[in-house]
Amino acid sequence: MRLTPKSVTLLALVVLIALSPIFFPSGFYYRIGALIFVNALAVTGIVILTGWAGQISLGHAGFAGIGAYACALAPVHWGIHPALAVVLGAAISAVLAWLVGRPILRLKGYYLAVASLGMGILISMVLNNERELTRGPDGIDVAELGLRGVLKDAGLDLSNGQFWYFFCGIVLILGAWLALNLRDSATGRALRALHGSEVAAKTVGMDVARLKLQAFVISAVYASVAGSLLALQNKFITPDVAGFMHSVEMVTMAVLGGVGSVAGAIFGAAVLTLLPQVLTVFAEYEQLVLGAVMVLVMIFLREGVVPSILRKIRGRGE
Amino acid sequence: MSELLQFLLSGVTVGAVYALVALGFTIIYNASDVVNFAQGEFVMLGGMITVFTYAAGAPLPLAALVAIVATAALGVAMNKLAIEPARGAPVVSLVIITIGVSIFIRGAAQLVFDKQIHSFPAFSGDDPLRILGATILPQSLWVIGGALAVFVGLWLFFTRTLLGRAVLATSNNRLAAQLVGINTPFVMTLSFALSAGIGALAGVLVTPITMTSYDVGLAFALKGFAAAMLGGMGNPKGALVGGFLLGVLEGLTAGYLSSQYKDAAAFIVILGVLFFLPQGLFGRKSTDRV
Numbered sequence: 001m002r003l004t005p006k007s008v009t010l011l012a013l014v015v016l017i018a019l020s021p022i023f024f025p026s027g028f029y030y031r032i033g034a035l036i037f038v039n040a041l042a043v044t045g046i047v048i049l050t051g052w053a054g055q056i057s058l059g060h061a062g063f064a065g066i067g068a069y070a071c072a073l074a075p076v077h078w079g080i081h082p083a084l085a086v087v088l089g090a091a092i093s094a095v096l097a098w099l100v101g102r103p104i105l106r107l108k109g110y111y112l113a114v115a116s117l118g119m120g121i122l123i124s125m126v127l128n129n130e131r132e133l134t135r136g137p138d139g140i141d142v143a144e145l146g147l148r149g150v151l152k153d154a155g156l157d158l159s160n161g162q163f164w165y166f167f168c169g170i171v172l173i174l175g176a177w178l179a180l181n182l183r184d185s186a187t188g189r190a191l192r193a194l195h196g197s198e199v200a201a202k203t204v205g206m207d208v209a210r211l212k213l214q215a216f217v218i219s220a221v222y223a224s225v226a227g228s229l230l231a232l233q234n235k236f237i238t239p240d241v242a243g244f245m246h247s248v249e250m251v252t253m254a255v256l257g258g259v260g261s262v263a264g265a266i267f268g269a270a271v272l273t274l275l276p277q278v279l280t281v282f283a284e285y286e287q288l289v290l291g292a293v294m295v296l297v298m299i300f301l302r303e304g305v306v307p308s309i310l311r312k313i314r315g316r317g318e
Numbered sequence: 001m002s003e004l005l006q007f008l009l010s011g012v013t014v015g016a017v018y019a020l021v022a023l024g025f026t027i028i029y030n031a032s033d034v035v036n037f038a039q040g041e042f043v044m045l046g047g048m049i050t051v052f053t054y055a056a057g058a059p060l061p062l063a064a065l066v067a068i069v070a071t072a073a074l075g076v077a078m079n080k081l082a083i084e085p086a087r088g089a090p091v092v093s094l095v096i097i098t099i100g101v102s103i104f105i106r107g108a109a110q111l112v113f114d115k116q117i118h119s120f121p122a123f124s125g126d127d128p129l130r131i132l133g134a135t136i137l138p139q140s141l142w143v144i145g146g147a148l149a150v151f152v153g154l155w156l157f158f159t160r161t162l163l164g165r166a167v168l169a170t171s172n173n174r175l176a177a178q179l180v181g182i183n184t185p186f187v188m189t190l191s192f193a194l195s196a197g198i199g200a201l202a203g204v205l206v207t208p209i210t211m212t213s214y215d216v217g218l219a220f221a222l223k224g225f226a227a228a229m230l231g232g233m234g235n236p237k238g239a240l241v242g243g244f245l246l247g248v249l250e251g252l253t254a255g256y257l258s259s260q261y262k263d264a265a266a267f268i269v270i271l272g273v274l275f276f277l278p279q280g281l282f283g284r285k286s287t288d289r290v
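Protein sequence lines, in the order shown, are assigned to chains F and Z.
So in our numbering, spot 67 of the first sequence is number 67, and the numbers just go up one at a time.
So in our numbering, spot 37 of the second sequence is number 37, and the numbers just go up one at a time.
Hints are not guaranteed to be accurate.
[What the hints assert, rightly or not] On the chain F side, residues computed to face chain Z include the following (Cβ under 8 angstroms):
1. VAL114
2. LEU274
3. VAL278
4. VAL281
5. GLU284
None of these hints come from the bench; they were simulated from the model.
None of these values were measured; they are calculated from a predicted model.
Using N, Cα and C, we set each Cβ at its ideal position, and we do this for glycine too.
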């Protein structure tokens with residue numbers, strides 16, 4: 001049997017997630033791993049939007065903020081179980097993405113970048129200013145998901161770090177699997193076609209605006225779920241999750257790894273999540289290095305690190 | 001009445017700064033189709049370099065001049081090192097490059113300067129002038145005058161000089177401009193120098209009022225961008241009007257609605273413009289040839 005690139009990506013991901021803990025010198029690394037998975041999930045959404053549909057969002061952190069604060073607020077105010085709050089946050093993000101995207105995606109050009117930028121900053125402003133509801137910039141506690149307790153009763157006793165490592169890992173595998181299936185579906189092919197040439201796609205009868213809108217909504221849901229997972233594992237969240245810099249980080253991760261590929265997205269998320277951990281020693285240089293990395297990758301590895309390397313390996317292939 | 005006038009006056013002052021930033025956006029956008037998110041960092045550099053040169057003992061006008069020239073040189077360097085090598089890259093890449101440059105400059109500024117808030121004395125003292133019961137700082141007049149002077153200067157440059165017309169020609173059609181012998185790479189360099197210099201001037205003028213620190217750039221970039229969108233991207237008249245309009249709107253929001261949400265005005269304007277008049281107030285409808 002010949003393996004498709006899709007199964008190679010998924011298989012590699014499963015093996016990496018399952019086997020990496022063998023090399024962890026301490027429990028702290030589970031936490032870093034879980035953070036990488038959460039970021040990779042959000043970035044997978046960016047791949048769908050930017051890599052396949054060719055649209056830029058500079059406000060995706062806003063959706064992560066909605067997902068995160070849904071988990072913080074819904075259990076307290078409406079007595080909703082945190083797991084349902086994740087779904088609620090995703091639903092709100094999807095509706096908002098649809099409302100913002102519908103008029104904007106009829107226009108050609110970089111307008112979604114601008115609109116999402118405005119939307120993201122408004123969301124983060126509300127989270128910062130509505131102190132009575134969100135407790136403002138100091139952040140707010142988030143309820144316990146409770147799944148670890150259930151697993152313990154069932155006889156599977158994991159430390160907090162281990163639980164979140166494997167839980168986020170499984171969600172990431174699911175997310176990558178869905179994205180890769182979407183890529184090969186009729187919608188995915190249509191998306192990539194319109195990225196190639198919007199006019200050509202329109203000529204063969206594709207509803208370009210609707211396709212782009214679908215990609216935007218789907219990617220918003222990815223970001224929202226990632227935000228929820230972040231809030232639930234930290235049991236605490238601040239409005240920074242919705243900040244402009246977080247949106248920029250997401251796009252940078254995607255572009256660094258290779259915005260056209262899910263494997264690249266995960267690689268980019270891993271590198272940029274690890275970078276600040278390594279750079280804590282030189283915390284002062286963090287912004288300098290991040291900015292330089294962004295510029296250099298865009299100039300010298302336009303397709304991103306992973307596709308550029310793959311191309312080198314395959315020679316002239318593709 | 002005097003209350004309304006007061007809000008309007010403070011709105012016009014910040015609006016003048018947004019107009020200057022928006023003009024900077026417009027110049028680079030016209031020359032290269034790049035939306036330069038590092039525009040706000042030029043404003044920051046204008047203020048910060050003046051602060052430190054002045055503190056080192058230079059007289060204020062000289063310090064301001066140093067800041068403007070140094071920032072313009074940095075704009076040229078940005079074009080040569082980050083934009084030109086990426087020519088032909090898709091818009092996503094160019095947007096990320098300019099964001100990368102802005103983060104880089106911010107990172108460098110906190111190392112070279114510091115993380116403190118700084119200011120220097122106003123040009124013409126701090127005694128407020130009274131107009132119909134409202135007050136205005138003399139420095140505000142400098143800011144407003146600066147914005148208008150830059151606009152008139154640019155207008156003369158683009159309509160009355162050969163070089164300015166070469167820039168206009170390049171923005172209309174790069175290839176055709178090249179064919180008639182215009183040195184388009186030089187036009188790009190000039191645009192970045194001009195745009196960075198204007199950004200720095202905005203920083204010099206506004207710092208005595210709002211103070212400055214290494215991280216003020218992002219807010220200026222976003223507001224200036226909103227103003228440019230409001231006026232119609234690529235249109236200098238639109239940038240000027242958009243800037244003042246946005247400033248006034250912000251002043252009124254702060255005065256009558258909520259000072260916490262005064263920054264929201266800019267972003268609600270962005271969304272409103274995109275929903276209802278995507279070409280901006282003065283933009284022309286663009287069509288694409290296939």
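Given a cut of 8 angstroms on the nearest C-beta pair, is the interface hint for F:VAL281 held or broken against chain Z? Cβ of F:VAL281 sits 15 angstroms from chain Z, so the hint is violated.
Would you settle whether the hint for F:VAL278 is holds or violated, based on the nearest Cβ-Cβ distance to chain Z being less than 8 angstroms? Result: violated, 16 angstroms to nearest chain Z Cβ.
F:LEU274 was flagged as interface toward chain Z. Is the shortest Cβ-Cβ separation under 8 angstroms? Not OK, violated: F:LEU274 not within 8 angstroms of chain Z, min 18 angstroms.
Checking hints one by one. Is F:VAL114 an interface residue toward chain Z, by the C-beta closer than 8 angstroms rule? holds, 6 angstroms
Quick check on the hint: F:GLU284 CB to chain Z CB, less than 8 angstroms? At 6 angstroms from the nearest chain Z Cβ, F:GLU284 passes the 8 angstroms test, so the hint holds.
Of the hints listed earlier, those the structure fails to meet are numbers 2, 3 and 4, in rising order.
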